[in-house]
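Student: Position chains D and B relative to chain S; hints supplied.
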Amino acid sequence: MPEEIREDFVIETPESVATTEAGMHTLASPGAGLGLSGSDTYGLTGEAKGQFRIVVGRFAHQRLAMVGLSIFLILAIGAVLVGHLWQFNYTDITNNLNDPPSWTNPFGTNSIGNDMFAQVMAGVVKDIEIALTVAAIAVLIGVTIGAVAGFYRGWVDSLLMRFVDLVLVVPILAILILLSSKLAKQSSNWLGLAVIIGLLSWTYVARLVRADFLSLRERDFVEASRALGATNRRIIVKHMVPNAIGPIIVNATLTVALSIILESTLSYLGLGVQPPNISLGLLVFQGQDSATTEWWLFVFPVVFLIILILSIFLIGDGLREAFDPKKSRVRA
Amino acid sequence: MPEHVLQIERLEVDFPTKDGVVHAVRGVDLFLEPGQVLGIVGESGSGKSVTALATMGLLPKGAQVRGAIRFDDTDLLTLKEKQLTNVRGTGIAMIFQDPMTALNPVYTIGWQISEAILAHQDMSKDAARDRAIELLAKVGIPNPAERIDNYPHEFSGGMRQRAVIAIGMANDPTVILADEPTTALDVTVQAQVLTSLRTAMDETGAALLLITHDLGVIAGLADRVLVMYAGRAVEIGTAEDVFYRPSMPYTLGLLGSLPRLDGDGSARLRQIPGAPPSMLGDRTGCPFAPRCPLATDLCRETEPDLTVVPSVTSDTGDHRAACHYAEAVGRGDHGQVFSDGVVDNVIV
Amino acid sequence: MFAYVIRRLLISIVILFFASILVFILVSTAGDPLALLRANPHTPHSTIVAREHLLHLNDPLWQRYWIWFSDAIRGNLGNTTKGQAVAPQLWSHLFVTLRMVIVATILAIVIAIALGVWSAVRQNKLTDHVITVTNFIFLATPVFVLGLALKEFVAIPINQHVGSTIFYTDGEQSPTLSGSFFSRLPDYAGHTVLPALTLILVTYTSWAIYQRSSMIETLDADHVRLARAKGLSRRRVLVRHVLRNALIPLTTVVALDFAAVLGGAILTEYIFGWQGLGTWYITGVDTLDVNIMLAYLLLTATFVIGFNLLADILYGVLDPRIRYA
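Protein chains in written order, with this note's numbering: chain S, 1 to 332; chain D, 1 to 348; chain B, 1 to 325.
Pulled out of the complex, with its shape left as it was, chain S reads as follows:
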């Protein structure tokens, strides 16, 4: 089988499979231990631009991923537009109490008279807001810690990784319940919530980046840069991070989805987003007792929550395949 058509990627294996992650509902694959975290898909950094187009092309070819992307974009943009253009604000109180879906209120109204359509859409917006913030924090912290651990190795690496292991020993939800309970009593600021969740979500990114850096560090171009007099920081930022960017992006996407799950769970428990703010989890909590009677108070938040999370997972899976394709490899 001629080498010319084989779509092979140089895949570096990190130290052991034991550093593979899965964690709560992630889409990590065995390739994650072997492929994702160390795909030398970009060779030397000069190639990055051409590869971008290739990755985008590969992503566009996957039906499920494109479906996910479309759904997400429609949802996100639509929800924001609804927030601005819809006749009802989510806090508006009308006189129609507990109305089933109608033309005026497509998702019905609740017991106070809020329009459910506005509420659900506002919840979507808030959830995305929080999730993106969380992902930003998690990636920032994760990349920093992972890069430092992978680059400097030795005792720095051991210390940091033992710390990561330690953090993961207790269920994230349990810690979150603890921390957000305190927060919920003090303020209704969603930013604090996002920060807390972010502070607990960086571990997977850190592990991935560390594995990548450990293997990249040995590569020739690092030696070459050093010979040219580049400082450590410059090497890390300008050369190594771009090479590890694939798995980082994929993991960031997964973090977005996971944080929506975490935040909505906390909101459901009353420990997350507090009124007057709104979130889909909060709506589910409020509507849970009416599931069989005023079904619209329960079903719409649930459905939109699932669709939102699902679309992000599909995008994440599509990105993973785009950066590290497995389906199209042909063996000689």
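Keep in mind that the hints are not guaranteed to be accurate.
What the hints assert, rightly or not - Under the rule of at most 30 Å between Cα atoms (straight-line distance), these lysine-lysine pairs were calculated in the DSBU-like manner:
#, chain 1, residue 1, chain 2, residue 2
1, B, 125, D, 61
2, D, 61, D, 18
3, D, 61, D, 82
4, D, 18, D, 80
5, D, 125, D, 82
6, D, 80, D, 61
7, D, 138, D, 125
8, B, 151, D, 18
9, B, 125, D, 82
10, D, 80, B, 125
By construction, these hints were calculated from the structure, which means they are not laboratory data.
Just so we're clear, the structure is a prediction, and the values are computed from it rather than from any experiment.
Tutor: Structure of chains D and B alone, referenced to chain S:
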């Protein structure tokens, strides 16, 4: 004329890919006589491995195979998977290139050899184990009774390959296919492995199809040689024919690129310039033409068939080459074809 | 192998020790356990002072930790804010939770392997697509959503339709249950079905997806090709050479995920009204009951570390290369 134990006729293998159809093998004919060694030589991508895999029915899904592969009075290409399992490992055995990954890391060497034995022979587990120790001894593993319980990662590369050969020998096959058995190994270890291969043949009486790109290996073992290029046989004959009267420029190039002990120390190694052609899509003319210093318009238009050329060993017309100028090439001074001047003139 | 196990065991103990420190620091930031008392204007100052003394609140952090830790090792987990002993409560709640978690984890593993193998063998055919889509949907469904949905749209309608309660939705057993263990079993089962199902459906997905990838990669491996070349039956190759190898990475994944399973159990208990560790913990957090929080977190950490140790050992059994690492 001794009966052929393996006969491949007009074999064609295509792989459909999203960029088009890849013609990996484009009409190969070969045969194996009992106890004989046929060496298949060629560059990566010439289709030699695919030919062996096709014989075993181990091509990836999606491969389209045409032609016939006759073994033991049946055409292997017509057999279903279940029937093929009765041929594999017992009628025809195969040895692969990379010994580091060929063995399953979670089972002992002994277990894996016994598994091969018990799949085709009716005996007790203990008897199989004894036979496995015997086989390990035959391929030259020291302390076989102890090492039989080792895991693959406790064996060196050369030892692993010999264990694979032991597996191949286990059921006294009629044919052994060896796909680049020494390529992944150090030169010093290669000799040991080749010796084990020879032992395997002597013990089982099997014929050997030896695939390699290493002409040195061929020279040591092969009775007959088949040179493949771009999915086709371009020269076939006895080892003497191919080495002493190569009649196709590609063969010349292969031979010329070998450093010679008796050569002029200052002479440059002659490479064949260029790269093998893409196997995608259809082409016209001889596939070697772009790299061939003797190429003419005729070569670029029409693909030459295998024609009989003079042989140094016999008159039975067994030496054939696929070149429009085969006879001239066979007669000529081998050194000149790829001399510097010609290369500069013809190849860009 | 023995040396390997001992090594892992010692490391686990060390990790547990450090985990206890982390847990303590975490809980001590949770807030003032006497906040409620202080907020109440009727509480005499002397009571507060006495309580502070009892809880060692004026001692430095490390001293408080040591007091708690040394007691905890000996089995004394202190008292709740209401004055009851924590340890007995912990054990009774533990057995409730374990019922659900053990059943769910085992079944989730089995289902994940089965589906992973099936979809890998039928890769890109209809079966594969159906399984993959189902996986994704359950993956994207938060635990509480699934639990609520099962409760409202499956259990209650079925119960109404049949006329009697098959699927219990509240509690882990009927309040007046008595009798021998075996006679109580159907009651336990009826109560456990839905919560376990919730937990299973939420947990199996990432494992099934992982197993499928692992299988597909292994199917391509050189040693599988050699196994086929030996003339082994398709079935034997699949089980002995593909599945056997593809299972190895799964043990690590399941171990890493176990903490998440316990987290999911918290929610499941909450929704189905089980008197398990999860609900106990949530109440403890709500009332800032320090000893409950500490006990729960320490116990969960122990379980996760223990489970990881188990997985390490299993990994060593499955992969000989690790035993000598």
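Student: Now tell me if each hint is right for this structure.
Tutor: Hint check results:
| no. | hint | result |
| --- | --- | --- |
| 1 | B:125 with D:61 | 13 Å, holds |
| 2 | D:61 with D:18 | 15 Å, holds |
| 3 | D:61 with D:82 | 16 Å, holds |
| 4 | D:18 with D:80 | 27 Å, holds |
| 5 | D:125 with D:82 | 24 Å, holds |
| 6 | D:80 with D:61 | 14 Å, holds |
| 7 | D:138 with D:125 | 20 Å, holds |
| 8 | B:151 with D:18 | 48 Å, violated |
| 9 | B:125 with D:82 | 22 Å, holds |
| 10 | D:80 with B:125 | 21 Å, holds |
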